[in-house]
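Visitor: Spelled out, the chains give:
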Amino acid sequence: MSNNNGATNTDPFSQFWTDFFGKMGAPPEAARMATPSPAASNEMIKQMQRVFFDAMAKYCEDYMRSEQFLTMMKQTMDKSLAFKQQLDQFLGQAQKGMQSPARADIDDLAGTLLKIEERVLDRLDALEKKVNGKAAAVEVPRRAKRDAGASRATRPSGRGKSAKRK
Amino acid sequence: MSTFPQNPFAAFQMPQQAFIPDFEGFRERMAAMPKVMEIASKVRVGATPRDVSYQEDKLKVYHYQSDVPKAHRTPLIMVFALVNRPYILDLLPHKSVVQQFLKAGFDVFMIDWGVPTDNDRHLTLHHYVERYMHNVVNHVREYTGEDQVSLLGYCMGGTMSAMYTSLHPELIKNFILMAAPIDWSDRSSLLCTWSDEKWFDVDKVVDTFGNAPPQWLQGSFALLKPVSNLMEKYIGFYDKMTDEKFLEDFFAMETWVNDNIPIAGETFRQFVKDCFQKNLLVQGKVRLGNKIIKLENITCPVLNLMASGDHLVPCGQSAPFNDLVGSKDRQAINFPAGHIGLSVGTKAQKELWPKVCEWLAKRSDPIED
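Going down the list, the sequences are from chains A and B. Counting from 1, one number per residue, gives the positions in the first sequence under our numbering. Counting from 1, one number per residue, gives the positions in the second sequence under our numbering.
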């Protein structure tokens, strides 16, 4: 990460360290008093703490966005995944050797069941739509007939919208 | 040298007592340890009484109870992310979004997706949105006798709710998006950097682990703010460990933070690829089953809640939502809080949620006597 491009482009840790002490070099007003009270000294410590954490947080954030960190993250992950894959393969083979089902077999089975379930549900949806369509087609002439009959009969005034809530 | 501190020794011009260890304070804190242990062991999350009104596979729908008479007919369904547990919206009585809505006279339901096991690795976003969410919405409609519901989606739950609303706009009366990512062209979040195709092979992770492991997710979230999560938090805890009220809040929050769950593998794969890596949602190219998500199909009133200090979902990922929907009634609130502070923060509880309740009340059907 370090390079020779001058003072503005120093390595991140040096930058953090310089920033931190730079900000610490400017204590609050209370610290300049001749005889600071305990409250003032507490305030100073809090400020030091704040400055340290802010500088540290900025340093961490910059570092975790750096190519160096991202490359390291990728390499670590690739290695741990490769190890896990090898371990799974070995355990799977051992289980196969013992004629017992491995996790991969159960995963496959779960996946197959899910696909079957999906197909059945899709089919049911399609059937439901068809039935609803047919029902609506039957209902329209029935309702028309009923409305025609109702308009002939004398009825009391209709009720308001019934409460649907339970 | 311009970068050298003007007065590097100023820091050491402090009174001597500043560096004397605070033995009295230490003694007080050690004396409080039994109380700390007691509070830690008694921590209870999920503040509001509730019934399970619907159950399907691992999913549960909670129906919250309240003595406050209902003032609005339109029920509200809260949809949380598939990461962590949904009780953050009802963490403690004084930090509960659920109670805010109950007090305002809403009928509140919440989806708990449950904890996926290895067998659920094949579940995709299509299953979660088009099957589970659709069944929940239909259940709530049937249960309450209402034709439409209001949706509140938090974080990834907001993204999923947006997908659902675009597919079934006729069923949604109002939509509240809460710290939810929609447009990943804003790459300022560290998560976006880490999940970039160049550095992160999601296929390899899902093919190897099945589901996205919870410990790995939790570690990643903690690393997003390492100083705050791994240092400041515990220093703050030491400072305030004699304050019982603080301890109750602290342990409730810690319980939630450490209660991570796996994400179903195929859902994780699709979400990372389509959203984080390819940003397909805003392009109208996300496919759920044989349907394509078009955000312009959303026509109901929309309230977009964003947190200005959100390190997980920067405002730039949520704000474009209001320009992408077809709604005429749309509002956005950018509140000074973090991703979690938006729900449990004291300021949010006092200032934000009453406003949100008011917004929703104006757009929900009232109960007529």
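Certain hints may be false.
[Unchecked claim] Below, a list of computed lysine to aspartate or glutamate pairs in the DMTMM-like style, where the Cα atoms sit at most 20 Å apart:
1. B:245 - B:28
2. A:115 - B:118
3. B:198 - A:67
4. B:273 - A:61
5. B:273 - B:259
6. B:233 - A:125
7. B:204 - A:61
8. B:291 - A:61
9. A:129 - B:170
10. B:347 - B:365
11. B:291 - B:274
12. A:115 - B:170
13. B:103 - B:274
14. B:58 - B:239
15. A:79 - B:197
16. A:74 - B:197
17. A:84 - A:61
18. A:74 - B:170
19. B:291 - A:117
20. A:74 - B:207
[Unchecked claim] So, partial list: chain B residues that the calculated Cβ filter (under 7 Å) puts toward chain A:
21. 117
22. 119
23. 204
[Said to hold, decoys possible] Beyond 12 Å from chain B on every Cβ pair, some chain A residues (computed):
24. 74
25. 78
26. 93
27. 112
28. 129
29. 132
30. 134
31. 137
Just so you know, these hints were derived from the structure itself, not from any lab. All residues carry an ideal CB built from backbone N, CA and C; glycine is no exception.
Visitor: Next, verify each hint and record whether it holds.
Guide: Now the hints, each set against the structure:
Restraint check: the Cα-Cα separation between residue 245 of chain B and residue 28 of chain B comes to about 17 Å, which is no more than 20 Å; the hinted pair holds. This hinted pair checks out: residue 115 of chain A and residue 118 of chain B have alpha carbons roughly 16 Å apart, not beyond 20 Å. Between residue 198 of chain B and residue 67 of chain A, the direct Cα distance comes to roughly 11 Å. Compliance with the 20 Å bound is thereby established for this hinted pair. The hinted pair formed by residue 273 of chain B and residue 61 of chain A fails the criterion: a straight-line CA distance of about 24 Å is larger than 20 Å.
Taking the CA atoms of residue 273 of chain B and residue 259 of chain B, the gap is about 25 Å. The hint is violated against a cut of 20 Å. For the proposed pair residue 233 of chain B and residue 125 of chain A, the alpha carbon gap of about 52 Å is over 20 Å, so the pair is violated. Simply put, residue 204 of chain B and residue 61 of chain A have alpha-carbon atoms about 26 Å apart, too far for the 20 Å limit, and the pair is violated. A C-alpha spacing of about 39 Å is found between residue 291 of chain B and residue 61 of chain A, which places the hinted pair above 20 Å, so the restraint is violated.
The straight-line distance between the Cα atoms of residue 129 of chain A and residue 170 of chain B is roughly 17 Å, inside the 20 Å bound, and the hint therefore holds. Proposed proximity of residue 347 of chain B and residue 365 of chain B is contradicted: the alpha carbons are some 29 Å apart, above 20 Å. For the suggested pair residue 291 of chain B and residue 274 of chain B, the alpha carbons sit about 15 Å apart, so the restraint of at most 20 Å is met. A C-alpha spacing of about 29 Å is found between residue 115 of chain A and residue 170 of chain B, which places the hinted pair above 20 Å, so the restraint is violated.
Simply put, residue 103 of chain B and residue 274 of chain B have alpha-carbon atoms about 39 Å apart, too far for the 20 Å limit, and the pair is violated. Taking the CA atoms of residue 58 of chain B and residue 239 of chain B, the gap is near 41 Å; set against the 20 Å cutoff, the hint is violated. With a C-alpha separation of about 17 Å, the suggested pair residue 79 of chain A and residue 197 of chain B falls inside the 20 Å cut-off, and the hint holds. The suggested pairing of residue 74 of chain A with residue 197 of chain B holds, with an alpha-carbon distance near 11 Å, which does not exceed 20 Å.
The suggested pairing of residue 84 of chain A with residue 61 of chain A is violated, with an alpha-carbon distance near 29 Å, which exceeds 20 Å. A C-alpha spacing of about 45 Å is found between residue 74 of chain A and residue 170 of chain B, which places the hinted pair above 20 Å, so the restraint is violated. Of the pairs offered as hints, the one joining residue 291 of chain B and residue 117 of chain A holds, with about 19 Å between alpha carbons and a cut-off of 20 Å not exceeded. A threshold of 20 Å between alpha carbons decides the hint, and for residue 74 of chain A with residue 207 of chain B the separation of about 16 Å falls inside it, so the pair holds.
Contact between residue 117 of chain B and chain A, as hinted, is not supported at the beta carbon level, the nearest pair being about 9 Å apart and thus beyond 7 Å. The closest approach between the C-beta of residue 119 of chain B and any C-beta of chain A is roughly 4 Å, which is under the 7 Å cut-off, so the hint is satisfied. With 7 Å as the threshold, the beta carbon of residue 204 of chain B comes within range of chain A, its nearest partner Cβ sitting at about 5 Å, so the hint holds. The beta carbon of residue 74 of chain A sits about 5 Å from the closest Cβ of chain B, which is not more than 12 Å, so the claim that it is off the interface is violated.
Residue placement check: residue 78 of chain A does not keep its beta carbon more than 12 Å from all beta carbons of chain B (closest about 8 Å). With a closest Cβ-Cβ approach of about 16 Å to chain B, residue 93 of chain A is found to remain outside the 12 Å limit, as its non-interface label requires. Look at residue 112 of chain A: its CB is around 9 Å from the nearest CB on chain B, not clear of 12 Å, so calling it non-interface is violated. For residue 129 of chain A, the non-interface assignment is confirmed: its Cβ lies about 14 Å from the closest Cβ of chain B, beyond the 12 Å cut-off.
Remark: the non-interface label on residue 132 of chain A is consistent with the geometry, its nearest Cβ contact in chain B lying 14 Å away (cut-off 12 Å). Every CB of chain B is more than 12 Å from the CB of residue 134 of chain A (nearest about 21 Å), matching its label as outside the interface. The claim that residue 137 of chain A lies off the interface holds: its Cβ sits roughly 22 Å from the closest Cβ of chain B, which is beyond the 12 Å cut-off.
Hint check: violations occur at hints 4, 5, 6, 7, 8, 10, 12, 13, 14, 17, 18, 21, 24, 25 and 27; the rest are consistent with the structure.
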